[in-house]
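Asks: Positions 1 to 200 (UniProt numbering) are the ones given, in order, by the sequence shown.
Check before you lean on any hint, since a few could be wrong.
[Stated by the list, open to error] Straight-line C-alpha distance at most 20 Å; calculated DMTMM-like pairs for lysine to aspartate or glutamate:
hint : residue 1 : residue 2
1    : Lys199    : Glu23
2    : Lys160    : Asp29
3    : Lys160    : Asp34
4    : Lys160    : Glu77
5    : Lys199    : Asp173
6    : Lys199    : Glu77
7    : Lys160    : Glu35
8    : Lys160    : Asp131
9    : Lys160    : Asp181
Rather than coming from a laboratory, the hints here were simulated on the basis of the structure.
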Amino acid sequence: MLELPVDLPADIVPFAWLIGVWEGTGVIDYPVGDERLQGEFTHRISFSHDGGPFLNYSSTATFLTEDGAPAAALLAETGFWRLARPATAADPGPALLPPSAPVHTRTVDDVEELRAPSGGFPIEVSLAHADGALELYLGEINGPRIDIGSDAVVRSAGAKVHTASSRMYGLVDGHLLWAWDIAALGTPLRSHASARLAKV
Numbered sequence: 001m002l003e004l005p006v007d008l009p010a011d012i013v014p015f016a017w018l019i020g021v022w023e024g025t026g027v028i029d030y031p032v033g034d035e036r037l038q039g040e041f042t043h044r045i046s047f048s049h050d051g052g053p054f055l056n057y058s059s060t061a062t063f064l065t066e067d068g069a070p071a072a073a074l075l076a077e078t079g080f081w082r083l084a085r086p087a088t089a090a091d092p093g094p095a096l097l098p099p100s101a102p103v104h105t106r107t108v109d110d111v112e113e114l115r116a117p118s119g120g121f122p123i124e125v126s127l128a129h130a131d132g133a134l135e136l137y138l139g140e141i142n143g144p145r146i147d148i149g150s151d152a153v154v155r156s157a158g159a160k161v162h163t164a165s166s167r168m169y170g171l172v173d174g175h176l177l178w179a180w181d182i183a184a185l186g187t188p189l190r191s192h193a194s195a196r197l198a199k200v
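Construct all of the structure, not just a fragment, from the sequences and the given hints.
Replies: Given below as C-alpha cells:
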C-alpha cells in the first residue's frame with residue numbers, strides 16, 4: 001500500500017508518491033559505433049523535501065559483473081524537481097536576494113491553476129552529474145507517470161559528449177519503473193537504460 005506524507009507544501013503534492021528511497025536493478029543496452037554497451041546495474045534514488053516548494057533528488061548506480069558483484073560506479077547525480085511556474089516577487093532570488101513582496105503560502109488552489117489540458121502539471125528538473133554534466137529537463141507529471149525531456153545539457157571540457165536525454169518514470173504495482181533515452185558519444189537519441197525499483 002502506498003502511504004502519502006501529510007502536511008506537504010502544496011507545490012510538491014503532485015510529487016508525493018515519489019518521496020522516499022527506492023532501490024533496485026536495471027539493464028543497459030546502447031550502441032556506440034561498432035560496439036554495444038550492455039550489462040546490469042544496481043540503482044538507488046532518493047526523493048526528499050525540506051519544506052520548500054521542491055523535491056531534493058539524488059541518485060547513484062553501480063555496474064555489475066556477470067556474477068552480480070559491483071564492478072564500477074556508473075552514476076552520481078543530484079538535483080531538484082519542482083512544478084514549472086513563473087517566479088513572482090514573493091519568491092526569493094536570484095542567488096541570495098530576498099523576496100521583494102510579502103511571502104505567500106501557496107495553496108492547492110494555486111497549484112490547480114497550473115494544471116495542463118492533459119490533466120497533468122508542468123515540471124522542471126535540474127540535475128548535476130559528478131562527471132561534469134548539467135541537465136535541465138522540462139516535462140509533465142500526470143498522476144503516477146512522469147515524462148521529461150532535456151531542454152539544455154551543459155558539459156565541462158572534460159566530460160564525455162552527451163547532447164540530449166529523455167526520461168520516463170511510472171508507479172506500477174508499488175514499484176518505480178523508469179526508462180532513460182540519451183543522445184551521446186555519436187549515437188542519436190535512443191533507449192540506453194531502464195530499471196525497476198522498490199521503496200525501502
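Asks: If any of the earlier hints don't hold here, list their numbers in rising order.
Replies: none
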